[in-house]
Amino acid sequence: MKKILILVAAAAIGGLAVLFFSGSERSDEPAGIVQLAEQLKTARKNSLSAKYISGEDLPPPGTRSLFDHLIKEHGSLPYPFEKLVELASEFDADGGEPSSVLIPDGRSLLKGQAFFEKPRIVVAVDSTPAESDHDYGLYLKGRLHFGLVEDANEIEVIAYNEQAGRFEFQLVRDYCEGCTPRIVYARRAICITCHIGGGPIFSVRPWEETNGQPAIYNRILEARGIPPAEADAAKYHGVMIKARLAVPERYDELTDIGNVIPTTQRMWIDGCGEDPGHGPACRREMLRQALHYLVSPGEFSLAPKDYPELMRLQKASWPANGIAQDNGNIPSRNPFRDDPAPTSFLGLARQLIFGEEEKVMTRAVVVEGEKIDAFDKLPPLPPELDPLTPRAPLAIYGPDTLESVFGLAQMFSDNDRRLLDMHSNYDRDRLDAAVRSAALDEALQPGPFRRMQVMDGLLSALGVDPLPGSCCRDDSGMSEAMLEGVPPLEITAGSVLEVFEKYCFACHRGNPAARLNFMGGETEAEVLERIKATDKIIEALDYERYLGTAKESTLMPPGDSHQRELLDQARAEGSEDLQKMIDTMPSMFDF
1 MKKILILVAA AAIGGLAVLF FSGSERSDEP AGIVQLAEQL KTARKNSLSA KYISGEDLPP
61 PGTRSLFDHL IKEHGSLPYP FEKLVELASE FDADGGEPSS VLIPDGRSLL KGQAFFEKPR
121 IVVAVDSTPA ESDHDYGLYL KGRLHFGLVE DANEIEVIAY NEQAGRFEFQ LVRDYCEGCT
181 PRIVYARRAI CITCHIGGGP IFSVRPWEET NGQPAIYNRI LEARGIPPAE ADAAKYHGVM
241 IKARLAVPER YDELTDIGNV IPTTQRMWID GCGEDPGHGP ACRREMLRQA LHYLVSPGEF
301 SLAPKDYPEL MRLQKASWPA NGIAQDNGNI PSRNPFRDDP APTSFLGLAR QLIFGEEEKV
361 MTRAVVVEGE KIDAFDKLPP LPPELDPLTP RAPLAIYGPD TLESVFGLAQ MFSDNDRRLL
421 DMHSNYDRDR LDAAVRSAAL DEALQPGPFR RMQVMDGLLS ALGVDPLPGS CCRDDSGMSE
481 AMLEGVPPLE ITAGSVLEVF EKYCFACHRG NPAARLNFMG GETEAEVLER IKATDKIIEA
541 LDYERYLGTA KESTLMPPGD SHQRELLDQA RAEGSEDLQK MIDTMPSMFD F
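To convert, note that position 226 of the sequence shown is 226 in the working numbering; the numbers rise steadily by one, no gaps.
If you're looking for bench data, these hints aren't it; they were derived computationally from the structure. Heads up, a few of these hints could be off.
No more than 20 Å apart at the CA atoms, straight line, and that leaves these computed lysine to any residue pairs for SDA-like [to be verified]:
#: 1; residue 1: K315; residue 2: R288
#: 2; residue 1: K502; residue 2: R473
#: 3; residue 1: K235; residue 2: E253
#: 4; residue 1: K502; residue 2: P488
#: 5; residue 1: K502; residue 2: N153
#: 6; residue 1: K315; residue 2: P276
Given the sequences, and given the hints that come with them, work out the whole structure.
This is the structure:
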């Protein structure tokens, strides 16, 4: 089959948008782009990968997002926001910080609730697992993105699900001081209207909406009343207000890394098919070449003709219409004018000489549950800038592509590569033999590429026990996933649950870790019964006995939490809140 390659040229100040898969050709013919996108959308619904990668709102049974696993590993959802960003940094081998960008006037569903004084914060995690012989690690680079809009009291989350082979869309509702946050899964169909490939999206250079531009960060500083002398050190929720252009550039790169994953999953599933003989053989050869590239990229030929067996296997099962690389890029937008970035010399000169003619920002008044209605009432964006406008794929790959190899190699972490090098003794023949072994048979069946399952098989074939420690194999020990729209618990006025809600619900209601979710339940009576049945609450509230002793750290709420500050303040003011909670618990003499 002749290679199918269709690319979209994206102008960005005298340059062309970077394509993140190599070896692609360009077409200057834009005719039929929207129609093509619609055809691909229809084809994808009927594709083999749609059969094996769920499109439901909640994650498939037995699986959860990396965000859920992150919170479970930590034990609670950190507050305030900068502590959540710090938590993501702890899982990086070098302690590197995520890329955090401020967007005061953007294009998200919450665009009407962000403004220069309180801009939207978006965070892309840049973490790779530390070296370990005992744990595959929490691999977050390009796989975890989240954003806070302070006035909405909401965090939006896009997090990869390693076992389901897809990104999950989540929300942290009621994320504010004195509130009880809820982690829920969003309505996927709403998210996919902008996130067409099922992954993160971001604008292209020069990222005019972000604080990488002086016009933006100067307005934020002004709106927040920060004098010029303090500008270089000024932060908003821990994020530098005055940022170098390299910050949104790295954020853009991390979204590109994330967007490779859905395409790679389609190549793994659709590109090899589900024939019981051919499918596993195709995936085995795809994996073999990916590992060659992973361990020896400098020796890897970039010419498809040098891999006749892989080309033969891909050609036999590749979809007739090709496999698309979805476009996660949206045009850079000038928020002062709602124009695309100027690309002509005259346009640039006019902007430099006359500056920006600022438009009036439109705010949205949002009532709980009416976020989408409020969004629809805001003035529409020009179609060429609107993320809702269908975007043509960056490329459509035919069966004679090596992008399946490059994408698959990116699914492994640096520590995965180190383990394979070490246990194969840097012998490529031994690694090939491991790929061909029966230990990989199950991992090569139709379904998502699962990194840890593949690593288990490879290590077993190399004579090593699979690593026992890993956070993300399944949802064991996790509480039930909740869907957006599930109402919060209704508490009767004067109920002791009001006190538990104030000090305890933030960690123990809706916590992804089931062992910590002992205040979950649908009704007030059910929650009270669960509280009374949890003996360890008595110990955790025994301030009179443990305060000032070696066991003080066992007291709850945790010493560094916002809820602990509230309880300490209440105790200092003579409040009976602590005693009310203690009195709720049954004593040993209750019959």
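Cross-check of the supplied hints:
Straight-line distance between C-alpha atoms of K315 and R288 comes to about 17 Å, which keeps the hinted pair within the 20 Å bound. Taking the CA atoms of K502 and R473, the gap is near 34 Å; set against the 20 Å cutoff, the hint is violated. About 23 Å separates the Cα atoms of K235 and E253, which puts this hinted pair outside 20 Å; it is violated. Pair hint K502 plus P488 holds up; C-alpha atoms about 14 Å apart against a cutoff of 20 Å.
With a CA separation close to 17 Å, the supplied pair K502 and N153 stays within the 20 Å bound. Only pairs whose Cα atoms come within 20 Å are accepted, and K315 paired with P276 is accepted, the gap being roughly 17 Å.
Figure legend: structure checked against the earlier numbered hints; hints not met, in rising order: 2 and 3.
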